[in-house]
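Chemist: Once you've looked at the hints, dock chain U against the given chain A.
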Amino acid sequence: MRIQFEPEGFQPPRGGLILLQCIVAGLFFLFVVRFWYLQIHRGEEFARMARENRLRQERIYASRGLLRDREGRLLAENRPAFGLALVREDCRDIPSTLAQVSEWTGIPLDQLTAKFNQDRLRVKPFEHLLLISDMPFDLLARIENRVLQWPGLEIVTRSKRNYPQGELMAHILGYVAEANEKELEDDKDLNLGDFVGKQGLELVLERRLRGQKGLHQLEVDVLGRQLNKKLVQEPQSGENIDLSIDLGLQQVAWDALEDETGCVVAMDPDTGRLLALVTKPSFDNNAFAAGLSLKEWQALRDNPRHPLQNRVIQSVYPPGSVWKLMMAGMLLNEGVNPTDSVWCTGEVALGKQVFRCWKKGGHGRVDMMRSLIESCDVYYYQMSDRFGIDKIEAFAKACGFGAPTGIDLPHEKSGLVPSKQWKRRRFGEPWHRGETLNVSIGQGFTLVTPVQVASFVSALMNGGKLLKPSLLVDEDPTVRSSLPFTAAGRKMILDGMRQTVNDDRGTAKVLRRADAVMGGKTGTAQVTKLKMVGEERVRTENLAYEHRDHAWIATWGEKAGKRLVVVVMVEHGGHGGSDAGPVARRVYDKFFGSPPGAAPLAPAGQSAPAAPATPGAVSPGQPVQPVQPVQSVQSVQPGQPGQSVPQVQPAPVSRSAIPVPPPARPDQAVGAPEQPEQQDRQDEGLRTVPAGRSARPAGRDRATGRGAEAPEVEDAREGQHRYDPDTFDPDAATTDGRGGDDGVAPPLRRFQDVAPEDGQ
Amino acid sequence: MTPIDRRLITHMNWGLVGFTALLFLFGVANLYSASGVRMEDGIVVSTFYQKQLLWGLMGLGGMVFFMLFDYRHMKSLALPLFIITMILLAAIPVFGKVVYGARRWLPLGFMNLQPSEVAKIAILIMGARFLSRSREPLGWKGLFEVLGLGLLPASFIVMQPDLGTTLLLLMLLGGITLFHGVKPGVLKTCLVVVPSLLPLAWFRLHDYQKQRILTFLDPGNDPLGAGYHIIQSQIAIGSGQLWGKGFLGGTQSQLRFLPEKHTDFALAVFGEEWGFMGCVVLLALFCLFLLSIFNTARDAKDRFGSYLTVGVFFYFFWQILINMGMVMGLMPVVGVPLPFISYGGSATLVNFCLIGLVLNVSMRRFMFKTS
Numbered sequence: 001m002r003i004q005f006e007p008e009g010f011q012p013p014r015g016g017l018i019l020l021q022c023i024v025a026g027l028f029f030l031f032v033v034r035f036w037y038l039q040i041h042r043g044e045e046f047a048r049m050a051r052e053n054r055l056r057q058e059r060i061y062a063s064r065g066l067l068r069d070r071e072g073r074l075l076a077e078n079r080p081a082f083g084l085a086l087v088r089e090d091c092r093d094i095p096s097t098l099a100q101v102s103e104w105t106g107i108p109l110d111q112l113t114a115k116f117n118q119d120r121l122r123v124k125p126f127e128h129l130l131l132i133s134d135m136p137f138d139l140l141a142r143i144e145n146r147v148l149q150w151p152g153l154e155i156v157t158r159s160k161r162n163y164p165q166g167e168l169m170a171h172i173l174g175y176v177a178e179a180n181e182k183e184l185e186d187d188k189d190l191n192l193g194d195f196v197g198k199q200g201l202e203l204v205l206e207r208r209l210r211g212q213k214g215l216h217q218l219e220v221d222v223l224g225r226q227l228n229k230k231l232v233q234e235p236q237s238g239e240n241i242d243l244s245i246d247l248g249l250q251q252v253a254w255d256a257l258e259d260e261t262g263c264v265v266a267m268d269p270d271t272g273r274l275l276a277l278v279t280k281p282s283f284d285n286n287a288f289a290a291g292l293s294l295k296e297w298q299a300l301r302d303n304p305r306h307p308l309q310n311r312v313i314q315s316v317y318p319p320g321s322v323w324k325l326m327m328a329g330m331l332l333n334e335g336v337n338p339t340d341s342v343w344c345t346g347e348v349a350l351g352k353q354v355f356r357c358w359k360k361g362g363h364g365r366v367d368m369m370r371s372l373i374e375s376c377d378v379y380y381y382q383m384s385d386r387f388g389i390d391k392i393e394a395f396a397k398a399c400g401f402g403a404p405t406g407i408d409l410p411h412e413k414s415g416l417v418p419s420k421q422w423k424r425r426r427f428g429e430p431w432h433r434g435e436t437l438n439v440s441i442g443q444g445f446t447l448v449t450p451v452q453v454a455s456f457v458s459a460l461m462n463g464g465k466l467l468k469p470s471l472l473v474d475e476d477p478t479v480r481s482s483l484p485f486t487a488a489g490r491k492m493i494l495d496g497m498r499q500t501v502n503d504d505r506g507t508a509k510v511l512r513r514a515d516a517v518m519g520g521k522t523g524t525a526q527v528t529k530l531k532m533v534g535e536e537r538v539r540t541e542n543l544a545y546e547h548r549d550h551a552w553i554a555t556w557g558e559k560a561g562k563r564l565v566v567v568v569m570v571e572h573g574g575h576g577g578s579d580a581g582p583v584a585r586r587v588y589d590k591f592f593g594s595p596p597g598a599a600p601l602a603p604a605g606q607s608a609p610a611a612p613a614t615p616g617a618v619s620p621g622q623p624v625q626p627v628q629p630v631q632s633v634q635s636v637q638p639g640q641p642g643q644s645v646p647q648v649q650p651a652p653v654s655r656s657a658i659p660v661p662p663p664a665r666p667d668q669a670v671g672a673p674e675q676p677e678q679q680d681r682q683d684e685g686l687r688t689v690p691a692g693r694s695a696r697p698a699g700r701d702r703a704t705g706r707g708a709e710a711p712e713v714e715d716a717r718e719g720q721h722r723y724d725p726d727t728f729d730p731d732a733a734t735t736d737g738r739g740g741d742d743g744v745a746p747p748l749r750r751f752q753d754v755a756p757e758d759g760q
Numbered sequence: 001m002t003p004i005d006r007r008l009i010t011h012m013n014w015g016l017v018g019f020t021a022l023l024f025l026f027g028v029a030n031l032y033s034a035s036g037v038r039m040e041d042g043i044v045v046s047t048f049y050q051k052q053l054l055w056g057l058m059g060l061g062g063m064v065f066f067m068l069f070d071y072r073h074m075k076s077l078a079l080p081l082f083i084i085t086m087i088l089l090a091a092i093p094v095f096g097k098v099v100y101g102a103r104r105w106l107p108l109g110f111m112n113l114q115p116s117e118v119a120k121i122a123i124l125i126m127g128a129r130f131l132s133r134s135r136e137p138l139g140w141k142g143l144f145e146v147l148g149l150g151l152l153p154a155s156f157i158v159m160q161p162d163l164g165t166t167l168l169l170l171m172l173l174g175g176i177t178l179f180h181g182v183k184p185g186v187l188k189t190c191l192v193v194v195p196s197l198l199p200l201a202w203f204r205l206h207d208y209q210k211q212r213i214l215t216f217l218d219p220g221n222d223p224l225g226a227g228y229h230i231i232q233s234q235i236a237i238g239s240g241q242l243w244g245k246g247f248l249g250g251t252q253s254q255l256r257f258l259p260e261k262h263t264d265f266a267l268a269v270f271g272e273e274w275g276f277m278g279c280v281v282l283l284a285l286f287c288l289f290l291l292s293i294f295n296t297a298r299d300a301k302d303r304f305g306s307y308l309t310v311g312v313f314f315y316f317f318w319q320i321l322i323n324m325g326m327v328m329g330l331m332p333v334v335g336v337p338l339p340f341i342s343y344g345g346s347a348t349l350v351n352f353c354l355i356g357l358v359l360n361v362s363m364r365r366f367m368f369k370t371s
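If you read the sequences in order, they're chains A and U.
The working numbering numbers the first residue of the first sequence as 1 and each following residue consecutively.
The working numbering numbers the first residue of the second sequence as 1 and each following residue consecutively.
Among the clues, some could well be false.
Said to hold, decoys possible - Quick list of the computed label-pair ranges, beta carbon to beta carbon: (1) Lys-210(U) / Gln-236(A): 21 to 31 Å; (2) Ala-90(U) / Asn-162(A): 23 to 33 Å; (3) Gly-214(A) / Met-159(U): 48 to 58 Å; (4) Ala-90(U) / Val-479(A): 56 to 66 Å; (5) Val-94(U) / Lys-295(A): 20 to 30 Å; (6) His-206(U) / Val-479(A): 31 to 41 Å; (7) Pro-80(A) / Val-94(U): 12 to 22 Å; (8) Glu-234(A) / Phe-65(U): 29 to 39 Å.
If you are wondering where the hints come from, they were derived from the structure by calculation, not from laboratory data.
By construction, the Cβ of each residue, glycine as well, lies at the ideal position given by its N, Cα and C atoms.
This is chain A alone, in the form it adopts within the complex (with noise of 0.2 Å):
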């Protein structure tokens, strides 16, 4: 680069040269003045200052806002707790100080020491440096006056948090323990040793609970003798805080679930508050606030039943069965008539697939009502063939599945709704039809937490508002959205679900009861992972014997004005009305009081129905029947004036019609050796399949003592069975709340027979 030469005799200016020097002469004389001022002036007095009179500031800790339930119950309290600290600048001899804690204590001296020397650097010396911080009251008494003979030694009284109810709470309360680097870092008003929250509602809570610390003032002479002590600054106390739950129903949904795994949450469907969060097996939050040992930690962390894991928010599970409370609104939204019914054999092919109903000789001819009232899967797999994948992701999505409820718990987990887009970036493949059917009875990749559940009754029943989920017992309802229901839907999922309690068929018996409108909707959600379409068929013993079946109920009741929603999800519990149904039932029991002239339910988990049909029932082997030319579709009522005609993807059919195939086609059941290959499965429609089992229709029928005439049996029953709250009918409501079957189909009885689908 070329350098531009200036003139030569470049001469700085001369003002600025003086200014330069006259600047620096000030700065000089300046500060020589004052420090003459300071140390020699006043030198004297500043070194006397500093020689007697110390000040020395003293924090007071506030207290910590209380929790206690909707009731005034406490769940969170504070108690004295006595540490024992120690004031290095008092300290004469440190090391036989802490000897001499160590004798008296029993801790080892090398534990002592090495807590001290990884404090000291954080604490000033004029500061307690903790080194026992809550001593039980034996050792408070024995070493209480001979701490006195130790300079530097103190005994120092800190509030400690304490939760009554344990482990019965944990999950909600969550805990506090001391503050972490990190968070030291983060917030300035947080010392070394102070407590903050760490989980749960004391995490959420945090800013309200705490309060803010006050300040004395000290005045101290060289032996550290206190001269005056003033108070620079009250403490305030943190924010006492109301829940929504409800103890006394906490502890009921606790009991009912014994010993499963499992969580239960009920909510009142107005305001979104819920009155029961648990979740077992639980923890206890008490020994967090104390301090955990490495070993108590890793024990609970590595603990296969996952006990620090707050399922209703943070375990996600295929709804099974409840999901077609959402497919059934999705369906009547496109404009299925409820009366369309479809014939179920009990199961139906796709390709090489064959998608089964839980039943397995079939339910026959099942209409909307009937489906939910029965679970039956086939009429859920013809219908959501009609409509594809992308319908269902767009309506579950708008009724809060898919994305988190907001609940103010931190971690909460948004479950999955699986779309094309969804598995194509997870898998980098397209999306198969197959899989539609499994997403249509919630199984499949399909997730949802139980909380997402609740809400989604609540809204049912609110009017079609999804609320936040609520802790808080004055915060007042948020509404995130409202479900994509008309009115008219909601009445109608709101009486299918009536039905499936009242109806001696119905899943959900367990919940009847005379004095309450009740509904219920069960389901049994599939524990093994799907396997891809194709993928393998050979560990199904293995896998259905290690994972069994979760078991979902979904359900509401009135009495009076009082409404509860009650969502209880038990893992690996098999049956939904047989085992989650019970939990539920004492929660109602608890909520409206015990039903009239009921004996108090025997206790859950116990005369479970008898146990699902061993997979083997189904396995491959069995004779290969022909394809029954069975018209499986009964097209009740013309499409309606202005009324969008769904298009089926195989043929153009009538609205309500289902595909049939040829007569005469072999059938692609798993088992047969030789089949034809399959034409372009596009062009394929679902087949409904006769179950190899049972003869025929008929007489499966005339098995579950049903007429063939049941249709209209249904008919006649509407009227009386439509959801009102003030006309109960009191013949439905039996005391036996168990037996029948509760839409459980075994464990992958759905999916065992998939054949290969590129093997040949």
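Modeler: Chain U only, in chain A's frame:
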């Protein structure tokens, strides 16, 4: 590359090198004492002084780097550097990292860059470049141009918020401007108008900044916060008396509540331990340090070099004035460190780089014809 010439070495401002080294060593020794934690069984010293030494070594590297090339190249680098700085500053509101409520840092992955530190160097070079174009004292037009030049980065930095750096930038630019000269009429008007505008600035300050000024006027009204610092640091310095309490001898009892005793209030520790005599020596050292920068500014062979040096002069001068004034209760508490005495990584690095710049100017004062 500039040829290695013996005159480069012989003409270097060795006085400045010496004073800088002395100040830095004073600083490290003082840090050793300030960051120690006193205990009955000895003194535990935290690692601040080691880190400071490390930063000093890096600073030495930066200093040598700034001596290697001919400083006149920077004339053409001034504008690009200034523009880059502005981009960095503008990026802060978008990408910046918030630490303790102030958004000052840009995360670069491996380290956090504080663009306001870069801005100090950029404005210094840009100011020198701009003002050295003519020898005429500034009129209104020139003054406003300089003002605009300074307000551009300053307006970004004040929003971070970082009042200390903002003031330093503007005062640095003002220093060079005064050195260059302003037309007497313009100067007189400014002396009247600017003080009358100050009350307006009051309303633009953050609450905590107002509080500091109020506290300075009456330390008693905030005995826990800044006022407490002022009182305690005066007690510490005053109790040093004539000879001080000796190295590591300060009781530091008065400083116990000073979170910044190794940074902004490091001088208080020094004053307590070394007393009036030590303080006068330190003060004299600072003045000699400034005067040796002054020498280079006076002897520089061209206007740009001279103005660069004056910029560095004011950079240090203001920091010394503000920090000492604050610690001794003559000025409000503003977070400005004392050069070479206070702990601070990037500040130390920048300090050494600027010394390298001055040495660069001094080395090449007779070299024009060879290049």
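Chemist: Would you mind marking each hint as holding or not holding in the structure?
Modeler: Here is what the structure says about each hint:
Checked against the hint of 21 to 31 Å, the pair Lys-210(U) and Gln-236(A) passes, with Cβ atoms roughly 24 Å apart. Checked against the given bound of 23 to 33 Å, the beta carbons of Ala-90(U) and Asn-162(A), roughly 52 Å apart, lie outside it. Distance hint for Gly-214(A) and Met-159(U): a CB-CB separation of about 34 Å, inconsistent with the stated range 48 to 58 Å. Taking 56 to 66 Å as the suggested C-beta distance range, the pair Ala-90(U) and Val-479(A) does not conform, at roughly 40 Å.
Between Val-94(U) and Lys-295(A), the C-beta spacing of about 47 Å breaks the proposed range 20 to 30 Å. Take His-206(U) and Val-479(A): their Cβ atoms lie about 38 Å apart, and the range 31 to 41 Å holds. One distance hint, 12 to 22 Å for the beta-carbon pair Pro-80(A) and Val-94(U), is violated here, with the actual separation near 50 Å. A beta carbon spacing of about 56 Å between Glu-234(A) and Phe-65(U) contradicts the range 29 to 39 Å that was offered as a hint.
Hints 2, 3, 4, 5, 7, 8 from the list above are not met by this structure, while the remaining hints are.
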